[in-house]
Amino acid sequence: MEEKDNNLFPETEEFNPMAETEGVAPIEEGEKPLDRNVRLMSPGRMVARRFFRSKLSIIGLVMILALLLFCWFGPVFYSRWDERIPDSNGQIEYNYKTFQVEAADGTTYEVRQVIEVRKGTNTFAPPGPDHLLGTDDSGLDVFVRLMYGGRVSLSISFIAVFAITIIGVILGGIAGYFGGWVDNVIMRLCDILMCLPGLPILLILGSILDAMEVPGESRIYYLMIFLTIFSWAGTARLVRGQILFLREQEYMVAAEAMGFSTSRKIFKHLVPNVLPQLIVSMTLSLGSMILYEASLSYLGLGTQAPNASWGTMVNLTNNEDILRNYFNIWGPPGICIIIAVLGFNFVGDGLRDALDPKMRR
Amino acid sequence: MNFKKKSDDSAKKSEKHYLSGKEIRAIAKENNKVMRRLEKYKRRKAPEEEFLGEMKDPADILEVEDLHSYFFTDQGVVKAVNGVTFSVPQGSTVGIVGESGCGKSVTSMSIMRLLQGPQGQIYSGSIRFKSYDFKRDEKGKPIPIWDDDENGEPVYEEIKDRHGKVKLDKNGKPLTERRQKRDRYGTKLYEMEEKVFDIAKMPTKEMYRLRGRQIAMIFQEPMTSLNPVFTIGNQLDEVTLLHVPGATKEEAKRRSIEMLNLVGIAMPERVYNSYPHELSGGMRQRVMIAMALEGNPRLIIADEPTTALDVTIQAQILDLLRGLKDSINGSILLITHDLGVIAEMADYVVVMYAGRIIEQGTASEIFHHPMHPYTIGLQKSKPTMDSESDSLFNIPGNVPNPIDMPDYCYFRERCSGCKEMCYGEYPKMVQVSPTHWVACHLYGGENPKENADEN
Amino acid sequence: MRTENANREELDFDDAAEAVKERELREELVREEEALPPDPDALLEVRHLKKFFSLKKTITGRTTVWLRAVDDVSFKLKAGETIGIVGESGCGKTTLGRTVLKLHQPTDGQIFFEGQDIAKFKPSKMRGLRTKMQIIFQDPYSSLPPRSTVGGILSEPVKVHKIVPKTEIKDYVLKIMEQCGLRDYYYERYPHEFSGGQRQRICIARALTVQPKLVVCDEPVSALDVSIQAQIINLLRRLQTTMGFTYMFISHDLSVVKHISDRIGVMYLGSMVEFGDKKSIFTNPLHPYTQALFSAVPNPNPDVKMQRIVLNGDIPSPAHPPKGCKFHTRCPKAMEICAHITPEYREYEPGHFAACHCYPQED
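Residue numbers (the numbering used here), protein chains in the order written: chain A, 1 to 361; chain B, 1 to 455; chain C, 1 to 363.
Only chain A is shown next, with the shape it has when bound in the complex (with noise of 0.2 Å):
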């Protein structure tokens, strides 16, 4: 066999097991043919074969991919009518009015009187060719909305969940590395945040807002800097315990008794064996922020119309007619909330499992 020339024993040596094998220089030792047959998984094959094992974080994968998809291409391709231009194709409606004339004769007679309306906006419309969805109360495309709409939820999401790791990870970095009296502040401001009511703060934050007159576009960016600075402490205290876990590892140890440096401790170190924690945290709060956005804009205190975001096409639902008779205006919105929020809890699921190291085997 091939092995053979790797035979370290010459067949020369008689064998005696008692024979001390003295000098045998370790490299010697090293790789024998035994090991190298032997093939493990990388470690991101490893991975994402503990991700794809779990079949519902594949559903959140494809809801999440369809829902990014749907937002930004659909769009292009379904151009027809425009987030904020209402339909103006109305159809003619004949209405009529009824006259008591009394003719000279005395007899009275019933006069109806024809009047042709012709609607400036195509209101209400029924889902259909024209409208896939049917329009909403100002004649506007739900369809079309929708897909702006879930533009607007998901990037605001997107935003405030990466302003709240940044805070998170520097302050809970800060608290958790150097302890003592900085940890102690940093913590305290977190209970303090902790305790603090966020909806009705933001509540209150709204009709400020209203009161200073801000146009609707901008408002629901002031809103979720509002949430970013209400949200941060769960981050830091998740990345601080972390960290405290990780520095008295013994590989910590090793690189203060390598005399590296502080930063070069936390950003080469620590940070990298935060990130697989961070990033299921950052999953799973992308499905809160949602939720978020969606009931400050259903409160009225988001995005406004005619600017369209899941939540205030939600918020539609205040008028009790639309409640009960169109669904078609109500329920798509409501439906891709409950999709984009299951999604984001799948796939974070699904990535904790992942890259848990405790779920190695």
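Each hint should be verified, as a subset may be incorrect.
Stated by the list, open to error - Among the chain B residues that face chain C by a calculated CB cut under 8 Å, a handful are:
#1 189
#2 190
#3 338
#4 369
#5 378
#6 392
If you are wondering where the hints come from, they were derived from the structure by calculation, not from laboratory data. Note that the structure is a prediction, hence the values are computed from the model and not measured. Just so you know, even glycine gets a beta-carbon here, dropped at the ideal spot from N, CA and C.
Given the coordinates of chain A, work out where chains B and C should sit on it, guided by the hints.
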């Protein structure tokens, strides 16, 4: 140009080193098929006759024959135990020794049927265990032994509930029942019978008959094997209440304290009422041993019982285990990587390497006349207290990864006595004395005895 | 010996004033000793090193309960020698190793490294010295960063400390890998793909990259298999002869320590109870704890049933060590005096120190 070539090379290398996606999928598909079949087999309902067997040697209490326990991982099938055959004679201590990953713990887990499914499965083979179980009537109830008076007349006594109070009937009169014989701890006695179970064939649900009651296990980590939220007494009593039908709390407590006494705990009453975190490591290991004794087991599996303990505490525990074996009339299957511990404790030694037994024999045979190069190397590579040599003997290389093992001696690459024959198939077990077996080509020749004498 | 012990027993130990006096006397001795210049022969000299951890604090931040992990330990270590530190879990041997490297800030005492007292060095000043002292850990699984390749792990210290020019880093690292028995194509692999023994080799290689003088080995082989242990021990010894390392070898395994060390220190509950040459310690162990420790090691010979000294009870908690001699609760030779007076750490033979009341005091 140069750069490009380099990157090509490294890509090739890593491709060779790692599995491709196609291979991973093929492995997963194959694994799923086998795992599903074995899981179904474990869950099946089977009449008792199906897993009853016969011992080959009536003096044995446990016989493991050609046991294969596999782990179906994403990277391939790990044959953790690959055709292991050994037996534990009644009243003796058998030590399994080997390095990490040699399959010694998986063997013990297979005997307890505690392999983590669906990945870990007993693939084939048999584990015959001679159990001493309650004789049962047609309804499956154990038959009690009655404590009659001299004339053979039945004696009646009041029934007590779990809290030791006398049970009353509707009229307020105490309920009575026929008096049953009790052992010295006050536990009720039942008629017993010997049965030989094939553990590998038993459905998982039937295992409750053996686990804890007939076979008990002592684990390596006394810190994690006790439940931190219950008192020691609570956890000890539970075993009696579970395994002895009709035991009251009082009886259980009496028995628990008796057991704590037996394992050499000075103040059993105090330990009985304390929580695991209040005890030191050595004390916890004693409690674990007491818990193992509670079910009156015939076989105790001690899986690295002293590895997590300090030397001085280890000496205490080993002393205790040695004394216990005689007082309970049981057998011990001792699993450890420490040759010193094995030498002190075991009557018979089984040496394992990469999922197979490479040598087995009595303790003095293994320690005075080791035959397999691995056993020899293992003994020489451990520095001893009286050795004076400057450089240690070492076995080169690493323990092989047990995925996709080829069919030749697994020790070939690390062996200093490698011969032409070693490139052939895996060596068979060769008998060199009535009790001494070795799996090595060096002794497989026509005249194995002569070879053995040379060393 | 007997009469002197009997005399001492008669003393009134409850006399608090005497205890205070005794303490003051000792402190004075320590202060005198502190002023002495470091031994020029020793690479490392540790004098009265203490490391306490605070367990309980009042609201104002004053500590009420101290864990005395290292309590007044002194020893000298010559260049090129190996000192073995033995003891059971919780005896403070790991803390001692880390405090000597200033990975923990010592509470009190002096650490002379190459004649400089590094105990009071600031972290920034220590950073320059880090290349001269390295540590190898017990657990080869948690001591390597999981998300870097072997090459990355080994070349990082070289880069940071600018040991060789940038272009030669890879060659330098490969050379060190070869010295430690690692194949060159391991360079691009991740730590999790290796077995324990190979990882420990990587750890040794990492310590080697900065060319240290002192290497603290904190139980480097106790997590490894027996056959791999021998490989690592041989590797460490070979490196010592070729590179002239000085080792501080911490382990609970007496036979390993005996094999590798020139001098041995036995620790119990934070204190050094015995220290001396390997030969004198093994032929003539003075302290009862050392004797019990030696006899507890299992003998791999089934026919020799040793008469061993089995100690009673468990190791007391280092947060509440017993008064007097810390070992008196388990000591088979305990006397009355042991429960009250801490025995002095004295030199009984040249280079052989012990702290026990069993032996006569030459006043």
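Here is how each hint holds up against the structure:
no., hint, result
1, 189, "violated, 36 Å"
2, 190, "violated, 39 Å"
3, 338, "holds, 7 Å"
4, 369, "violated, 12 Å"
5, 378, "holds, 6 Å"
6, 392, "holds, 4 Å"
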